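Novice: The residues making up each chain are set out below.
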Amino acid sequence: MFKIKISIFSKTKELENKIDCFHDKIIDSATLFRKAIKIFLTVDDFDEYRSVNRQIKAVEHDADNLRRDIENQLYAHNLLPNLQADVLQLVESLDKINNKIHDVVYKFRIEKPEIPSELHNNFKILCNQVAECCEYMGIASRSFFKDLSIVRDYIHKVYLMEQESDITCNKLKKSIFNSDMPLANKLQLDLLISEIAEIADIAEDCTDLLQIFTLKRDI
Amino acid sequence: MISFLIFLSSGLFLGWSLGANDGANIFGTAVGTKMLRFRTAAIISSVFVIIGAVMAGNGTTNTLNELGSINALPGAFMAGLAAAITVYFMVRTKIVTSTSQAIVGAIIGWNIYSGKVTDWSLVSAIAASWIVCPILAGVFAIVIYMLIKFVLKYRRISLLRQDNYTRIGLVLAGAFGAYALGANNIANVMGVFVASNQLHGLPLFCGTSLSPTQVLFLLGAVFVAIGIFTYSYKNMDTIGRDVMQMSPIAALIVVISQSLVLFIFASSAIHNWLEVHNLPAFPLVPVSSSQAVIGSVMAIGLIKGGRNINWNLVGKLSAGWISTPIISAIICYVSLFVLANVFNLTVYL
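For the record, the sequence lines run as chains L and V.
Start counting the first sequence at 1; every next residue gets the next number (the numbering used here).
Start counting the second sequence at 1; every next residue gets the next number (the numbering used here).
Here chain L stands alone, though its shape is the one from the complex (with noise of 0.2 angstroms):
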């Protein structure tokens, strides 16, 4: 019985780390994207860009690694039965945060475009919110695995980043056909835009998902 115990305990233990690595994951993802974007504005050198957009790689990499070996360890073990599919459902949304921001800065490092200096400003300021608001996402389903009693709290943190996230974006994409420069370039900012707001919006789908979750953990 100790034995059993030890062993079910153990995995446990293992299983808790993995997801805490994969929220670490998320996190990470976000921060490198706020320096890819500020370095991409600020400094002419594009090889510190594509060192982070290397290091973004590496960590998208890592979280798909450890999302299969979550979903491997929740079906061979058994554990969170009335819980597995959920669990399951919100740790793949949670990887697409990490994937979009892997093909945003990507997207950045093969188009180059030009963005005009008067724009810089809401640019990293559009970034930052995205950026935080999958840190709060982050954070909503590390305590949802951890500590219940805080999720709604960031849950709320989330939801308030993406509304300031979508004001910025209309902001830019009016100062973007307001400006003179040529209709392409106009487009492909346009388009870069609404890429970066989209890691938002991804990242409140996976806070719609966790209400829904936490409600059901209720007793």
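Since the hints were derived computationally from the structure, they do not count as laboratory data.
Predicted model only: the values in this text are computed from it and were never measured.
Note that the Cβ used here is the ideal one computed from N, Cα and C, for glycine as well.
Since no wrong hints were added, every one of them can be taken at face value.
Label-pair ranges, simulated between beta-carbon atoms:
1. V:Y154 with L:Q73: 27 to 37 angstroms
2. L:L215 with V:Y154: 16 to 26 angstroms
3. V:K153 with L:Q84: 22 to 32 angstroms
List of simulated lysine-lysine pairs, BS3-like, C-alpha gap at most 25 angstroms:
4. L:K186 with L:K173
5. L:K157 with L:K146
6. V:K304 with V:K149
7. L:K35 with L:K57
8. L:K124 with L:K186
9. L:K157 with L:K216
10. L:K107 with L:K124
11. L:K216 with V:K149
12. L:K174 with L:K112
13. L:K216 with L:K96
14. L:K146 with V:K153
15. L:K157 with V:K153
16. L:K157 with L:K96
17. L:K107 with L:K173
18. L:K112 with L:K38
19. L:K96 with L:K57
20. L:K112 with L:K124
21. L:K216 with V:K34
22. L:K107 with L:K96
23. L:K107 with L:K57
24. L:K216 with V:K304
25. L:K18 with V:K34
26. L:K35 with L:K173
27. V:K149 with L:K146
28. L:K216 with L:K18
29. V:K304 with L:K146
30. V:K153 with L:K13
31. V:K34 with L:K13
32. L:K174 with L:K124
33. L:K171 with L:K35
34. L:K11 with V:K34
35. L:K96 with L:K35
36. L:K173 with L:K124
37. L:K96 with L:K38
38. L:K186 with L:K112
39. V:K149 with L:K13
40. L:K18 with L:K96
Let chain L serve as the given structure and place chain V on it in line with the hints.
Specialist: Using the frame of chain L, we list chain V on its own:
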């Protein structure tokens, strides 16, 4: 001896159906929610049902024998069969029933047929315990619910750790529930055969032995275990998925409160302790685990706001209280008449 075993068959059949139905109450949600494998649940419940029946089955059996000590084997056979038929009929009509109520009805039927005096004060005490049973289970469920809610709020246990504790809790509570079921309900299965028992004692290790009554209970409990193994899986799955769609923690609350009620109504130690301290003692009466489960489930529903309560169940519960003993008594009376007059068997001495 062979005729004894043939007459005992009705009790053994009742034991099998008890295992198939009430065994599912203990581990139903744990198996249905995949917290435990059926094999693990069946082994634990079988072992503890047998231990409970052999070690502590006497209390409730004495009460049933006080109500009516069926002294002829054919009479005991018919009382067991009447109870089994009634339970089968009730299950078919989807009325929540209990072998306890059926067997009490059958004993009263035998009393009436044989002209023995029925102790109506005892009958009313037994009937009162049936009403108290789901209410008490509900009270226990509310207390445990609030306790767990408090612990979860202030201890901040992680989701996976909580899952582990629940799993361990379900195993322990299930084992306790199976023990309590064996102790409380073996009287329904074998109680009527005690007065006409022809089995011998069984010597065990280190100078210990089982009395003839304990051997009778062991035989009955083995059939309860067979019922659990052969037929309770379907019921466990139904209970886990359809009847009680609840979280594993709520399932744990239901199992603990149900087990506590069965234990209280079977424990001679608690009964004697309460009597010694001049407190109102719970009678040692076989009660229904299904009704205790319904009481707990409804109490959890009530404390959560009462939105998900199926009031239809309350109606079926009350219908079972009244109709089961009456139908069982009538079936027993008519069958005893047939047995005595058509087959010329002695149904009472």
